[in-house]
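Hey, can you work out the whole structure from these sequences and the hints?
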Amino acid sequence: MQVEVIIPTQTKYLNLIGSIGEHIAKELEDYSGDREMLAYHLNLVLTEATANAIKHANCNDPKDSVRITIHIDDHELKIKVYDHGQGFDLEKVDIPDFDHPKEGGMGVYFIRTLMDSVTYNRMSDCNVLEIVKHLK
Amino acid sequence: MNASLEKINGYSIVNVLDERIDAHNSAGLKEMFLRLIEQGEAKIVVQLDKVRFIDSSGLGALLSGHKNLTSKKSGRFILAGCKQQVLSMFELTRLNRIFEIYADLTEALENEK
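First to last, the sequence lines map onto chains A and B. At position 63 of the first sequence the residue is numbered 63 (this note's numbering), and the sequence of numbers has no breaks. At position 77 of the second sequence the residue is numbered 1077 (this note's numbering), and the sequence of numbers has no breaks.
Incorrect hints may have been included.
To be verified - Going by beta-carbon spacing under 8 Å, a handful of chain A positions derived as facing chain B:
{"#": "1", "residue": "Leu-14"}
{"#": "2", "residue": "Asn-15"}
{"#": "3", "residue": "Asn-43"}
{"#": "4", "residue": "Glu-48"}
{"#": "5", "residue": "Pro-101"}
{"#": "6", "residue": "Met-106"}
{"#": "7", "residue": "Gly-107"}
{"#": "8", "residue": "Thr-113"}
These aren't lab readings, by the way, just hints derived from the structure by calculation. All residues carry an ideal CB built from backbone N, CA and C; glycine is no exception.
The structure is reproduced here in structure tokens:
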């Protein structure tokens, strides 16, 4: 199954994207893990990834959009978030300093910690954040 | 940000009415804390009993309020009524070691420091 959503680069749509993640977790067949926890984690990861794409998007273009695809099979869930912004270097995002917490920089940490793999690649006409979660 | 304000025993109570705190409304919450602190409020309790989802920007807004208030003399920034999902986010970021957290408003107000 694949779900595809295209939203304008506006934060008011984060609720919609997060809710889709929650819904998918609750409807997964044959998932033996903690469904409520997975629902929260997918809500969070989709919210963080989409907010990041909106933040890095080209603000000068009112027609700019973020495309999100969620592909689900028996073994894994693959999220792709496409943005048209300048992009960023995922490897340069540091782990937060928990002894001296700062206001920003926790979003990527959540995605890395709660999911199984994360990559960010620049394509010819867009950037793609790809997130994989193995399903037990 | 949908939130109501009340004053009880010298504490400013911020009742967050939204179920979600994310990048759409977290700036509003941060502004609300800043305004209260600018007005001279020294004790703020944030009631989070209706909040079932918080993201990194929401945690950032709470951290901003905490830092701005606790840097002042006798300033207290208290969180109350957190649902388990919200508490788990504090644990994941270890912010549970930073924030003053109580089960509910009554317990928060009883623990006068």
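- Item | Violated hints - listed by number, lowest first | none
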